[in-house]
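Trainee: Here are the chains, one letter per residue:
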Amino acid sequence: MKEEFTISIFTENHIGLLNRVSIIFTRRHINIESITASESEVPGIYRYTVVVNETREQVEKVVKQIEKQVEIFCAFYHRTEEIVYQEIALYKLPTAAISNGLGLEKLIRDNNARILSLEGEFIVIEKTGHKEETQELLKKLQPFNVLEFVRSGRVAMIKQKENLTHTLVELEKTHHSEYKN
Amino acid sequence: MDALLKMLSDFNGDFEDSKPSSKSNINKITGSEAVLESLIAEGVDLVFGYPGGAIMPVYDALYNYRDKLKHILTRHEQGSVHAAQGYARATGKVGVVIATSGPGATNLITGIADANIDSTPIICITGQVPSHLLGTDAFQETDVVGITSPVTKWDFQITSAEAIPEAFAKAFYLARSGRPGPVVIDITKDAQFAEVDFEYKPCKKVRSYFPYPKVDAAKVNEAAELINNAEKPFVVFGQGVILGKAENEFKTFIEKGGIPAAWTLLGLSALDESHPLNVGMLGMHGNYAPNKLTNECDVLIAVGMRFDDRVTGDVNTYAKQAKVIHIELDPAEINKIIKADVAINGDVKDVLPMLTNIIVNKEYGNWLKEFKKLAEIEKEKIINEELHPTKPGLTMGEVIRIISEKTNGEALVVTDVGQHQMIAARYYGFKNSRSFITSGGLGTMGFCLPAAVGAKMGMPDKQVVAVIGDGGFQMTLQELGTILQSGINLKIVILNNDYLGMVRQWQQLFFDKRYSETEMVNPDFVKIASSYNIESEKVSERNNLEAVIEKMLASESSFVLEVKVEKEDNVFPMIPTGASVSDIRLE
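Residue numbers (the working numbering), protein chains in the order written: chain Z, 190 to 370; chain A, 2 to 588.
Just chain Z, with the same shape it has in the complex (with noise of 0.2 Å):
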């Protein structure tokens, strides 16, 4: 049964490493829902996070593949509710949109979103949580004329306390490198 996964990779901050991370999931005709990327907290090692859906036993193959990768530390997947995981979302509105006398300042408040910028003829709404929360707010904001709208890929943390430090402890533990033949 496929369901939602949230992959988290750690990576060398090579050119073309996200490509060679992309292709093992093309290769096997997995469609990528969201991707973002950022530096981790040990300078100089970076995490895509990667949400599919795909059945459990596909989504352990993946991994294991990613891991594969030359410079690639590790990498582990997730099931939704093992996750704490947030999206940003920005939506453009006509500046006018205030003051239509529609109650977008009552529609913001109560979405916990914010006017991040005021530009003139156009103001843009932020607001960060799960995709059917910033959905959501599209629906609702769709009166006030939604010039434009866009949604970040997934960020995610796992519910434990081990992190990346613990893992690479482990896999230089657990490992040598030594060629000997």
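It is possible that some hints are incorrect.
[What the hints assert, rightly or not] List time: in silico EDC-like cross-link candidates among lysine to aspartate or glutamate, alpha-carbon distance up to 20 Å:
id, chain 1, residue 1, chain 2, residue 2
1, A, Lys-321, A, Glu-364
2, Z, Lys-362, A, Glu-274
3, A, Lys-246, Z, Glu-367
4, A, Lys-94, Z, Glu-367
5, A, Lys-206, Z, Glu-321
6, A, Lys-206, Z, Glu-260
7, A, Lys-215, Z, Glu-361
8, A, Lys-370, A, Glu-274
[Unchecked claim] Distance windows between CB atoms, simulated:
id, chain 1, residue 1, chain 2, residue 2, range
9, Z, Glu-271, A, Asn-222, 28 to 38 Å
10, Z, Ser-227, A, Thr-92, 42 to 52 Å
11, Z, Lys-328, A, Lys-205, 52 to 62 Å
12, A, Thr-137, Z, Ser-223, 26 to 36 Å
13, A, Glu-569, Z, Ile-221, 47 to 57 Å
14, A, Val-522, Z, Ile-221, 30 to 40 Å
Calculated from the structure, these hints are not laboratory results.
We put the beta carbon where it would ideally sit given N, CA and C, even for glycine.
Could you slot chain A onto chain Z? The hints should help.
Mentor: Below, chain A without anything else, positioned relative to chain Z:
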């Protein structure tokens, strides 16, 4: 955290103290010279390649290095990469290829993909357009790193001369360590021209790369427990035994356990075929007994193999009754196809001695008798007629049998892909490890001739016999030019049935004999060979076959032997696609 940061300190690899290059001091040399010095520092003395625009600075530098680095000019870049594969497979060393940008690099792709799926350590050095032209659709520009990423273990683009020594050190370490594989290094032309303070430090570690897991002793104990309680244990082994240089450890293991062992196509030659516990070949055209009994054993011990679909047939009916132990270096192979009851992640060279230590010395007389019984059936129904035919037409099997007899099972046999490949694997009777070289995972027609050139270059004192079909020969026959120019002594046997035989066999069995585009009108192979100044003969009658094979093997120079074999012979046994290993057909 501090300790970790130190561990991960800002370098890509752990490099040994500087080793003086073959030039006496650290000095300024060009990027091209740095490429060649790096190769020499890694012990390379032979490279295969083909020049062209974007790699010309390296070729210019090579002119001054001819005494240290021998270069073999092939007739096509595909020939270079297959030759490097053949060299690597025969010697266990890293094969090196040099090619130019664009078409030079794209012509390597088949060989790179082949090396990737068959875990062959090679390094391909490709020229690239100058860095300021990257991405401009410049003349002979191709995104080589982009194209090769799906089929390489590692690939890297160098745009400055300073990066050369470190990239090469890393490339060699990655190509040969862990599960070996191909590496591509793409070097822009300006980086080849620029100067660099050359200093070479071999790489011993890459911080994000964990090639050798420490073996989990608890898993080894679990495996030993299963083996010690087994009544019908069965070992299936692959190339991991050869790549791990663990042939002796493997032999000791099966001998102590008394366990019958069968090989995958790439595992062939790791264990002497005359060994009493060697029960033959697995898979689609493998032997009757090991395929049938895969579904009868109670403990299946897979050693350094990856359960390719040509080995397993239908996975839903594969060894369901057995507990499966999988000993494998690459964690991505574990549970990929067949779920392991006990998975031991590690180099077979590390794992096997641990396991041998704690298994009980046993013999399984009755179980071995079952293998013998089925082997007898196969012999009667298939093998006898294949090796000693009573019909007038020549069989591939009798040709291979005679070559085997005349070379004592000790030649290095290189094959192409198809019926002749299966026949060579089934009937040669290999005695020494690394003496069978073939394109397994990718099934690359055209592999044989150039791979045999590389194998002969790597093992000049060995009798190297290339066994090729008429179809595959014509895919890379221009490499006869390489043989002519290099003057090597290679024996080339073309088993000619004027068909793409394996495809024709499938058409006969599964497509109502509709022989769609498999019949070949072939040229005169003897004339082709003679135009390359290579001795050649054609045989179509049984009465002079043996004498001509003797003549070929005794010749001091290369020899092309064309044998006209029966046109519509089939390779049996056979597991039809999608069928179970135990449904293997004898006819």
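Trainee: Each hint needs a verdict: does it hold in this structure or not?
Mentor: Here is how each hint holds up against the structure:
1. A:Lys-321 x A:Glu-364: violated (24 Å)
2. Z:Lys-362 x A:Glu-274: violated (40 Å)
3. A:Lys-246 x Z:Glu-367: This hinted pair holds, its Cα atoms lying about 15 Å apart.
4. A:Lys-94 x Z:Glu-367: holds (16 Å)
5. A:Lys-206 x Z:Glu-321: Roughly 45 Å between the alpha carbons, so the hint for Lys-206 (chain A) and Glu-321 (chain Z) is violated.
6. A:Lys-206 x Z:Glu-260: holds (12 Å)
7. A:Lys-215 x Z:Glu-361: Cα-Cα ~10 Å, so holds.
8. A:Lys-370 x A:Glu-274: Holds - the C-alpha atoms of Glu-274 (chain A) and Lys-370 (chain A) are around 17 Å apart, at most 20 Å.
9. Z:Glu-271 x A:Asn-222: 28 to 38 Å: holds (32 Å)
10. Z:Ser-227 x A:Thr-92: 42 to 52 Å: Taking Cβ atoms as reference, Ser-227 (chain Z) and Thr-92 (chain A) lie about 45 Å apart, which means the hint holds.
11. Z:Lys-328 x A:Lys-205: 52 to 62 Å: holds (58 Å)
12. A:Thr-137 x Z:Ser-223: 26 to 36 Å: holds (32 Å)
13. A:Glu-569 x Z:Ile-221: 47 to 57 Å: holds (49 Å)
14. A:Val-522 x Z:Ile-221: 30 to 40 Å: 49 Å Cβ-Cβ, so the 30 to 40 Å window is violated.
Violated hints, listed in ascending order, are 1, 2, 5, 14; each of the other numbered hints is respected by the structure.
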